[in-house]
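**Q** Sequence:
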Amino acid sequence: MVLLSFDIEEFDMPFEYNKSIDFKDQIQISIAGTTSILDLLKKNKLKATFFSTVTFAKNAPGIIQRIITEGHELASHGVFHSDFKNEHLLESRLALEELSGVKIKGYRMARMMPVDEAEIQNAGYSYNSSINPTWLPGRYNNRHISRTYFMQSGVLQIPASVSPLSRFPLFWLSFHNLPLWYYKHLAKRTYQWDGYLNVYFHPWEFTDLKDKERFGFPGYVSKNTGQDMIERMDRFMQWINKNKYPCGTINQFIKTISI
Numbered sequence: 001m002v003l004l005s006f007d008i009e010e011f012d013m014p015f016e017y018n019k020s021i022d023f024k025d026q027i028q029i030s031i032a033g034t035t036s037i038l039d040l041l042k043k044n045k046l047k048a049t050f051f052s053t054v055t056f057a058k059n060a061p062g063i064i065q066r067i068i069t070e071g072h073e074l075a076s077h078g079v080f081h082s083d084f085k086n087e088h089l090l091e092s093r094l095a096l097e098e099l100s101g102v103k104i105k106g107y108r109m110a111r112m113m114p115v116d117e118a119e120i121q122n123a124g125y126s127y128n129s130s131i132n133p134t135w136l137p138g139r140y141n142n143r144h145i146s147r148t149y150f151m152q153s154g155v156l157q158i159p160a161s162v163s164p165l166s167r168f169p170l171f172w173l174s175f176h177n178l179p180l181w182y183y184k185h186l187a188k189r190t191y192q193w194d195g196y197l198n199v200y201f202h203p204w205e206f207t208d209l210k211d212k213e214r215f216g217f218p219g220y221v222s223k224n225t226g227q228d229m230i231e232r233m234d235r236f237m238q239w240i241n242k243n244k245y246p247c248g249t250i251n252q253f254i255k256t257i258s259i
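Okay, so the sequence shown: first residue is 1 according to our numbering, each after it adds one.
Hints are computed from structural coordinates only; laboratory data are not their basis. Hints are supplied without guarantee of correctness; some may be wrong.
[Claimed, not checked] Quick list of in silico lysine to aspartate or glutamate cross-link-like pairs, EDC-like style, CA-CA up to 16 Å:
id, residue 1, residue 2
1, K105, E91
2, K210, D228
3, K42, E70
4, K212, D194
5, K47, D234
6, K212, D12
7, K58, D25
The task is simple: from the sequences and hints, build the whole structure.
**A** Written as structure tokens, this is what we have:
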């Protein structure tokens, strides 16, 4: 199964590049991007998982309702995107359940940072998708962690997909910077090797981020954003369908595997 997931959050990434952005703009940019994502999923008849912060969900109730109505999965991305305390694990699950009316089973830590698995279990989650099992300077040092799903502290761990052997990450930055044909080649190889593919993106990638004065992003972040990203993701989704790869939510995938 192909697992498409999207981390929907207040768009605070410009702060990492010493730029300011109004909270209203943070929310509106993520709403616009998530709308584009939902339109693409509907067009290509695919299902996905959306990891939402409580902050975004409270400010975009129409988006959350559309996610549920159109058969996608809602999971937790914490309370805030740039602030975390252990108590936020339970707080975010309960708040998202109240806002959406559905059971929240999954968690993904903002920026795929480490999180205490025992705390995730105590907060009532059944799976965690917060691991990028690769090495990336200044961000991840996880080559020692299993590439594929495993149990830890009573919680199913579903790492982001990386290629076999070399562990080349297949996350959003790779999608932007590799030729699409080569990204699809790595995705196909990983799918055939592992039996599934777990890749993640963000709504703000679907808006034009090339204004360096406003956002401060280097070229490897802003490349193929906006309309280019919409068209690129559309082609990727068409490729999934052309290859007849089943595509569903993470919770649907869990029901098909044995641990």
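**Q** The structure should be examined with respect to each hint, and the outcome stated for every one.
**A** For each hint, the structure was consulted:
For the hint linking K105 to E91, the alpha-carbon distance of about 13 Å falls within 16 Å, and the restraint holds. Distance hint between K210 and D228 is fulfilled; the C-alpha atoms sit about 11 Å from each other, no more than 16 Å. As the CA atoms of K42 and E70 are separated by approximately 8 Å, the hinted pair is consistent with the 16 Å bound. Taking the CA atoms of K212 and D194, the gap is about 38 Å. The hint is violated against a cut of 16 Å.
Among the hinted pairs, K47 with D234 is consistent with the structure: their alpha-carbon atoms are about 14 Å apart, no more than 16 Å. Of the pairs offered as hints, the one joining K212 and D12 holds, with about 15 Å between alpha carbons and a cut-off of 16 Å not exceeded. For the suggested pair K58 and D25, the alpha carbons sit about 15 Å apart, so the restraint of at most 16 Å is met.
Hint 4 from the earlier list is the only one contradicted by this structure; the remaining hints agree with it.
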